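K.L.:
Top to bottom, those sequences are chains A and B.
In terms of this note's numbering, the first sequence opens at residue 12 and continues consecutively.
In terms of this note's numbering, the second sequence opens at residue 582 and continues consecutively.
Worth flagging that the hints you see were computed from the coordinates, not collected in a lab.
Wrong hints could be hidden among the right ones.
[Claimed, not checked] Calculated cross-link-like contacts (lysine-lysine; reagent style DSS-like; alpha-carbon spacing at most 27 Å):
hint: 1; chain 1: B; residue 1: Lys-698; chain 2: A; residue 2: Lys-129
hint: 2; chain 1: A; residue 1: Lys-27; chain 2: B; residue 2: Lys-724
hint: 3; chain 1: B; residue 1: Lys-624; chain 2: B; residue 2: Lys-670
hint: 4; chain 1: B; residue 1: Lys-604; chain 2: B; residue 2: Lys-650
hint: 5; chain 1: B; residue 1: Lys-670; chain 2: A; residue 2: Lys-129
hint: 6; chain 1: B; residue 1: Lys-650; chain 2: B; residue 2: Lys-624
From a predicted model like this one, the values you see are computed outputs, not experimental measurements.
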Amino acid sequence: MTLTARNIYEQQSHNKTLTVLVLVGFVLFVGFLGFGLDMYLSGSGLDSDEGAGLPIPVATILAMSVAGVGAARSAFNGDAAVLASSTAVPVPEDDPRYRQLMNVVDEMSIAAGLPRPKVYLVPDQDPNAFATGRDPAHASIAVTEGLVERLSRDELQAVVAHEMSHIRNYDIRLMTVVASLIGTVLLITEFGTRMLRFGGATAGKKSSKKGGGGLGILMLVWVVALILAPVISQLLAMAVSRQREFLADASGAELTRNPLALAAALQKITDADEPTQAIKKGSAHLCIADPLGRKANEREGFLADLMGTHPPVEKRIMLLKAMAYQTG
Amino acid sequence: MILLLVFGLLLLLLFWGIGQYNKLVTLRNQVQNGWKQIDVQLKRRHDLIPNLVNTVKGYMQYEQETLDKVIQARNAATTASGVADAATKENALTGALGRLFALAENYPTLKANENVKQLQEELSSTENKIGFARQFFNDIATKFNIAQQVFPANIIAGMFGFRPSELFEVTDAAERAVPHVDLSLKK
């Protein structure tokens with residue numbers, strides 16, 4: 012296995028750059044979809060008398076501006092969307108049941124030298140946790156009720172340390188943006204495929220009569236892009252999260268100096284096998300362990316690298332135990 | 582032409598110097614802030630202890646001596662001056678608290694008391710925070726020290742009188758010593 016040896020500053024700037032790339036890529040992609048629509052409309056309307064080829068690419072401009080707004084929203088408001096979609100509520104400050112959780116978060120923010128993130132509670136019995144936000148000053152950690160109930164103090168601390176590392180490395184910015192863009196891509200492709208079906212029924216005959224070669228290839232690319240978009244965005248989410256989990260495990264253990272507690276916590280989280288109901292598919296890659304309990308995450312190799320959002324838990328536990336032996 | 586070149590090089594050197602100086606100042610402030618964080622947590626611990634003693638007093642009448650020791654250690658720690666002095670007194674307080682909690686194990690009603698449980702959680706969290714604040718302080722102080730000792734930044738550090746920061750160490754030799762574990766099978 013290749014663990015890319017990056018220090019924390021390189022990881023931070025790498026994450027920031029990647030976030031910008033994802034956002035730009037998203038806007039361009041949606042623009043391309045709009046461009047295809049422009050071509051489609053002007054292509055099919057060529058031999059009819061109204062609007063002989065649209066001079067202004069209305070759909071392209073429209074799509075790109077919508078995508079721009081969507082990208083900005085996901086960058087600045089993505090955490091709110093992720094938290095809302097998992098029905099997370101702020102932890103009541105004075106509730107003695109969550110006093111330990113709040114203390115542990117305080118401890119870890121001291122250890123990391125970061126401001127204390129907002130703490131949210133997900134009403135779900137399956138133990139899991141995630142962090143979101145755009146930078147350490149605007150970060151949130153969410154844990155499920157099941158996590159608070161089942162984990163010991165040390166294990167809770169280890170999980171919070173793992174999430175705190177995601178915050179410190181700016182993983183949260185990238186992952187949150189990806190999470191909220193996945194939702195948008197799904198909406199767009201849904202809309203696009205409907206347009207295609209609807210438009211295809213009426214305009215199909217006209218364009219087949221013309222059969223423009225260059226246009227045909229472009230249309231083909233467009234349709235393929237439309238169909239593949241959800242798959243590609245899912246793959247992206249998986250690719251960005253796998254390596255980051257190993258890194259967050261390691262730097263979380265560095266904060267607590269107790270890798271075995273994280274290993275124990277991961278074991279408990281996987282042993283509680285029922286899927287997390289409250290956390291939706293779109294934000295699965297944010298979590299400490301796959302909330303859906305998918306089989307792909309338990310394997311290794313090319314296919315697993317492609318399909319799993321999380322590295323196999325056994326491997327993570329093994330690495331954490333190795334750390335403990337090293338440090339005594 | 583050569584004059585221009587020399588001038589350009591000097592300008593580059595100046596910019597580099599300014600950058601190094603600012604980096605060192607930033608780090609020095611972070612180190613000072615890290616130190617204050619430790620103080621904040623120590624203060625918090627001192628504030629919690631009278632509460633704890635008052636709560637457990639009713640249950641632990643026969644342990645008056647231990648309770649007195651905790652209070653004494655706490656009062657000594659609040660009036661400590663200097664790093665080394667503070668470290669020894671804080672360690673004494675930690676020891677006294679440890680004994681108190683060990684004794685508390687003998688009182689089931691005490692252990693079941695919600696107030697005591699909460700106070701115990703607060704205290705152990707504060708202990709942790711002190712530990713983590715020290716850990717963070719040592720990390721940032723190490724970074725500060727490295728930044729001013731590596732060549733050629735050490736020239737800038739020397740020019741402006743930057744001093745390496747002291748690290749927080751275990752002052753008690755007994756705490757530093759590796760505990761001796763006897764693994765031989767005794768019959």
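K.L.:
Determine for every hint whether it applies to the structure shown.
P.N.:
Status of each hint after checking the structure:
no., hint, result
1, Lys-698(B) <-> Lys-129(A), "25 Å, holds"
2, Lys-27(A) <-> Lys-724(B), "24 Å, holds"
3, Lys-624(B) <-> Lys-670(B), "13 Å, holds"
4, Lys-604(B) <-> Lys-650(B), "46 Å, violated"
5, Lys-670(B) <-> Lys-129(A), "35 Å, violated"
6, Lys-650(B) <-> Lys-624(B), "18 Å, holds"
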